Every structure is written in structure tokens, then in C-alpha cells.
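Trainee: Take a look at the letters that make up each chain.
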Amino acid sequence: EAGVAQSPRYKIIEKRQSVAFWCNPISGHATLYWYQQILGQGPKLLIQFQNNGVVDDSQLPKDRFSAERLKGVDSTLKIQPAKLEDSAVYLCASSRHREAGELFFGEGSRLTVL
Amino acid sequence: GQQLNQSPQSMFIQEGEDVSMNCTSSSIFNTWLWYKQDPGEGPVLLIALYKAGELTSNGRLTAQFGITRKDSFLNISASIPSDVGIYFCAGQLGAGGTSYGKLTFGQGTILTVHP
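Sequence order for the protein chains is A and B. Numbering-wise (my numbering), the first sequence opens with residue 119 and increments by one. Numbering-wise (my numbering), the second sequence opens with residue -18 and increments by one.
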């Protein structure tokens, strides 16, 4: 089965610019996650979707970050405007259902903000 | 929120040696998981533990879910060069509350294996 697909793999922008990341989860997986991983740290959950509804976005900086999963499949994470501290790898993951801790991760999108 | 303390932060070992790392939390988790991350890749699940006291093996890997539900450890026996990477523990809460299903990760243990 195909894994979690993410794009772009790398993005370099200047501060105050905007960026968007795309994720296509494993087919049939109801739960989709966006994690932020800063260099040298473990992944930190930004937002969790169950189908197309938001389950948890308590750690999403909502003044600049937004995410959507309109049809319960693909998802987009947007940052506008970007700050230097947003430089990180943005990981998308999916699981069959909310109860399952067995997350399948994509390769990540590495963002550098100059 | 929940925080996981993972130790050691890094390990340098010789090929063939055994490795042990652990994770502790101030919170109780219903599920403990161990992931491995290679450079430029996303984390990959190694072992999942669902019951307090559970001991589970996956090849040369063995992990245990602590009785108090606040800790877990991972052992790797007879290490080989491809074991190099970053190992993350993760805890998941059970049903009830807005954090249901949320996975919290530790800071990671960087493993280097010298041939």
C-alpha cells in the first residue's frame, strides 16, 4: 500500500512570506495529523483531524498557522506570515482511527525561514 | 500538557553491544510506542504496547510498558550498524477528554553504532 505522501520536500522562504504544505494520507485512514519537528527535538502535534473535522488544534499558533482537510482525505497546512522560529520539518501522519497510536508518517517537508 | 523525559540523550556503542533506553512521564498513558527516525525520513513505528506490565519483542528489540503506566523502556540486543538513528518514545492517552488519541513524543535518543 502507498505510504503518506507529502510535498514539497524542501522549501526556503524569507520571513513574512507564506508557505503551504500538502499531505495525502494512506487510503482509508480516518485520522490525519500535522506535527512540527524542530531540529534536535521530538515531533510536536500541531493539529489532528478525524475525517474532515478538527479533533485537537490546541498547539496550533492560530494567528499564523491554518490547516484544512476539506473532503476528509488530503490536507493542507499553511503558514502566513512565516517567522524565523517556524524553521522545522513539518511531518504529516495518518492512522486508521483515533484510538490507534500506530501512526504512519510521511517523509516530511523541511522549511527554512531566512 | 504531558511531557516525556527520554534518556539517555545520545549513545555511542560498538557493534554487537546491547542498548537500553527509557522514557518517563508525569502522566499516565494508555499506550506506549517506540519509533525510529532515520535522517531525512519520518519516524517509523517499532513497537506498540497496550497494557501495563506488557513485554513485547520485535526481532532484536524488546520493549516494556511500566506497571505504573508512567514509563517504558526499549532494549536493542546485538546492535548492528543499521540500528543507527534517533529513537523516540511516545505516549497516548485513552478515551475521555479533548486529548483522546493525542500522541506525545519524547526528545529522542541518538544512537551511534561503531562497526
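Source of the hints: derived by calculation from the structure; they are not laboratory data. Incorrect hints may appear among the rest.
Subject to a maximum C-alpha distance of 30 angstroms in a straight line, what follows is the list of computed DSBU-like cross-link-like pairs (lysine-lysine) [claimed, not checked]:
1. A:189 - A:129
2. B:51 - A:133
3. A:189 - A:162
4. B:51 - A:162
5. A:133 - A:196
6. A:201 - A:180
All values derive from a computational prediction rather than experimental measurement.
Trainee: The structure should be examined with respect to each hint, and the outcome stated for every one.
Mentor: For each hint, the structure was consulted:
1. With a C-alpha separation of about 26 angstroms, the suggested pair residue 189 of chain A and residue 129 of chain A falls inside the 30 angstroms cut-off, and the hint holds.
2. For the given pair, residue 51 of chain B sits about 40 angstroms from residue 133 of chain A by alpha-carbon distance, which is inconsistent with the 30 angstroms threshold.
3. Distance restraint check for residue 189 of chain A and residue 162 of chain A: the Cα-Cα separation of roughly 25 angstroms lies within the 30 angstroms cut-off, and the hinted pair is therefore satisfied.
4. With a C-alpha separation of about 19 angstroms, the suggested pair residue 51 of chain B and residue 162 of chain A falls inside the 30 angstroms cut-off, and the hint holds.
5. A distance of roughly 14 angstroms separates the Cα atoms of residue 133 of chain A and residue 196 of chain A; the hinted pair therefore holds under the 30 angstroms criterion.
6. Restraint check for residue 201 of chain A and residue 180 of chain A: satisfied, since their Cα atoms lie roughly 13 angstroms apart, inside the 30 angstroms limit.
Against the hints set out earlier in the document, a violation occurs for number 2 only.
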